[in-house]
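Novice: Residue strings, one per chain:
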Amino acid sequence: MEPTWGALAWQGLAAIVTLGIFSFLAGDNPFYKIIERTWVGVTTGYWLMLLYHTSFHDKVWVNIVVQHKWWYILPTFLGLLMWLRLSRKLAWISRYALAFYIGISTGIYIPLAFKNFVFLQLEGAVRPISFDAAGINFVIALVGLTCSLSYFFFSKPHTGILGGMSKAGILTLMIGFGAGFGLTVMGRVALLVQRVIFLRDYSVNLFGKIF
Amino acid sequence: MANGARAEERRWYDRLLVVDRRWIYLILALAVILPAIVPFDVSTGISTEVRRVYGFVDDLKPGEVVHIAIDYDPSTLAELHPMTEAILRQAFNRGARLIFTTLSQFGPAMAEEMITRVAAETGKKRGVDYTFLGYKPYPGITILAMGSNYRVPFPTDYYGTPVDSIPMMRDIHNFRNVKGVIALAGGNVADFWIQYGNAKYGVPLGLGVTGVMASDYYPYLQSGQIFGLIPGMKGAAEYELLAKRQGQGSRGMPYQMTTHLVILVFMVITNIAYLAQRAARKRAGEVRR
Numbered sequence: 001m002e003p004t005w006g007a008l009a010w011q012g013l014a015a016i017v018t019l020g021i022f023s024f025l026a027g028d029n030p031f032y033k034i035i036e037r038t039w040v041g042v043t044t045g046y047w048l049m050l051l052y053h054t055s056f057h058d059k060v061w062v063n064i065v066v067q068h069k070w071w072y073i074l075p076t077f078l079g080l081l082m083w084l085r086l087s088r089k090l091a092w093i094s095r096y097a098l099a100f101y102i103g104i105s106t107g108i109y110i111p112l113a114f115k116n117f118v119f120l121q122l123e124g125a126v127r128p129i130s131f132d133a134a135g136i137n138f139v140i141a142l143v144g145l146t147c148s149l150s151y152f153f154f155s156k157p158h159t160g161i162l163g164g165m166s167k168a169g170i171l172t173l174m175i176g177f178g179a180g181f182g183l184t185v186m187g188r189v190a191l192l193v194q195r196v197i198f199l200r201d202y203s204v205n206l207f208g209k210i211f
Numbered sequence: 001m002a003n004g005a006r007a008e009e010r011r012w013y014d015r016l017l018v019v020d021r022r023w024i025y026l027i028l029a030l031a032v033i034l035p036a037i038v039p040f041d042v043s044t045g046i047s048t049e050v051r052r053v054y055g056f057v058d059d060l061k062p063g064e065v066v067h068i069a070i071d072y073d074p075s076t077l078a079e080l081h082p083m084t085e086a087i088l089r090q091a092f093n094r095g096a097r098l099i100f101t102t103l104s105q106f107g108p109a110m111a112e113e114m115i116t117r118v119a120a121e122t123g124k125k126r127g128v129d130y131t132f133l134g135y136k137p138y139p140g141i142t143i144l145a146m147g148s149n150y151r152v153p154f155p156t157d158y159y160g161t162p163v164d165s166i167p168m169m170r171d172i173h174n175f176r177n178v179k180g181v182i183a184l185a186g187g188n189v190a191d192f193w194i195q196y197g198n199a200k201y202g203v204p205l206g207l208g209v210t211g212v213m214a215s216d217y218y219p220y221l222q223s224g225q226i227f228g229l230i231p232g233m234k235g236a237a238e239y240e241l242l243a244k245r246q247g248q249g250s251r252g253m254p255y256q257m258t259t260h261l262v263i264l265v266f267m268v269i270t271n272i273a274y275l276a277q278r279a280a281r282k283r284a285g286e287v288r289r
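Protein chains in written order, with the working numbering: chain A, 1 to 211; chain B, 1 to 289.
These are calculated hints, taken from the structure and not from any lab test.
Hints may be right or wrong, so weigh each one.
Reference listing, derived: stretches of chain A covered by chain B, where coverage requires no fewer than 3 residues with Cβ under 8 Å from a Cβ of chain B [to be verified]: (1) 44 to 50; (2) 180 to 191.
DEER-style ranges, computed between Cβ atoms [claimed, not checked]: (3) ASP59(B) x GLU2(A): 35 to 45 Å; (4) ARG22(B) x PHE181(A): 17 to 27 Å; (5) ARG281(B) x ILE175(A): 45 to 55 Å.
Partial list, derived from the structure: chain B residues whose beta carbon lies under 8 Å from chain A [claimed, not checked]: (6) ASP20; (7) ARG22; (8) ALA145; (9) GLY147; (10) TYR196.
Where is the CB? At the ideal position from N, CA and C, for every residue including glycine.
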């Protein structure tokens with residue numbers, strides 16, 4: 001489908017903004033600064049209105065004023081207490097609201113963190129070994145895990161078997177960091193690639209429309 | 001004179017190690033532009049973790065419900081949009097009913113554009129075949145609340161329609177009523193899904209993440225906390241290959257190849273220069289002794 005002039009105008013603005021941001025690679029310049037500040041202004045305004053509608057309007061206004069759920073006054077009151085942090089004299093009162101928040105989040109977080117990061121991970125690391133490709137992968141991962149853990153065991157000098165294991169542990173960690181670096185490069189390049197594809201498609205559409 | 005003498009002493013490896021970064025940008029730019037001018041294809045292997053997500057969606061029966069969490073914003077759109085589009089298209093074509101949410105503050109408008117576009121292309125109706133509940137802040141709390149009842153954090157959908165009056169949502173209350181969650185996350189929202197969605201409520205969880213995040217989530221794959229993982233643009237290209245429909249992921253692979261080759265060459269050259277410089281310094285030290 002052939003793009004309209006209106007769509008091309010918006011895409012043209014996006015192309016100018018993209019080139020303006022890329023211009024920073026050659027050095028800081030007024031073109032880049034204008035676009036950077038515009039972006040900061042737009043995102044701040046967008047987020048502010050989004051928070052107003054999703055937090056204040058939906059949680060406070062609708063519940064209390066429209067639906068008369070009066071019990072929502074209590075959390076609203078706790079929320080208002082947080083604003084007292086702006087006063088030097090009354091800042092201590094905000095700690096009551098913080099105490100509720102920290103108490104509830106800690107109570108939810110700690111048991112789940114143990115289950116998620118410790119118990120389920122341990123369960124995944126210790127299981128029957130199958131005699132297929134998955135089994136070999138599992139054994140390699142298990143050896144890597146044991147050696148990596150031994151590298152962080154400091155109660156005994158890293159000599160003999162422990163020394164060998166800790167060296168293998170370093171190698172495992174280096175492979176992990178290398179994989180992480182490779183994936184990071186892929187991620188960063190993807191951002192660039194998407195913009196280049198956009199600029200290419202825009203140029204093709206624009207020239208197609210004109211000629 | 002002294003400066004001139006020092007400049008003369010600078011060998012090839014010294015010059016390579018202090019090359020102006022703008023030359024690197026220029027060469028990278030040329031590497032990225034090349035596939036745009038001379039298009040070519042790159043063959044892509046398919047990994048088990050991507051195949052599992054594809055298999056999960058492919059096994060859906062008409063009417064089954066899947067929650068798709070579009071938890072990213074335009075800053076990671078390049079990596080996550082292609083896989084989201086491929087999953088949406090496949091799930092809609094399977095006849096599944098989809099619940100969409102976004103827990104990233106800059107995501108709602110972007111997510112809505114894609115959902116309505118793909119739904120229109122596949123002939124799906126809002127409120128019957130899919131529901132977009134929109135955005136709510138504080139992802140951890142929102143996921144916990146959705147596990148109890150979708151109506152707690154989302155009394156209305158993105159368009160202000162009460163959830164109770166949406167035909168599709170009548171028999172859907174919480175995660176027990178969905179076959180699984182596929183979270184496409186560009187930040188730590190993925191952690192919240194694992195911790196609160198899977199560990200607390202036991203909902204089957206598949207992840208699509210950015211390349212930067214991918215290595216952090218492989219341990220969850222081995223432990224079975226997630227059933228599949230789509231890592232970055234490469235993962236999206238694999239998914240598109242499985243779905244037999246070329247998209248932005250596959251289109252990006254030639255660009256990825258040329259850029260990665262250039263980066264690899266840079267790394268090799270820099271390491272050679274570094275080793276040569278170190279050897280020269282060692283020799284100079286021996287002479288002094």
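Novice: Look at each hint and say if it fits the structure.
Specialist: Hints and how they fare:
no. : hint                              : verdict
1   : 44 to 50                          : holds (count 3)
2   : 180 to 191                        : holds (count 10)
3   : ASP59(B) x GLU2(A): 35 to 45 Å    : holds (39 Å)
4   : ARG22(B) x PHE181(A): 17 to 27 Å  : holds (23 Å)
5   : ARG281(B) x ILE175(A): 45 to 55 Å : violated (29 Å)
6   : ASP20                             : violated (11 Å)
7   : ARG22                             : holds (6 Å)
8   : ALA145                            : violated (11 Å)
9   : GLY147                            : violated (12 Å)
10  : TYR196                            : holds (7 Å)
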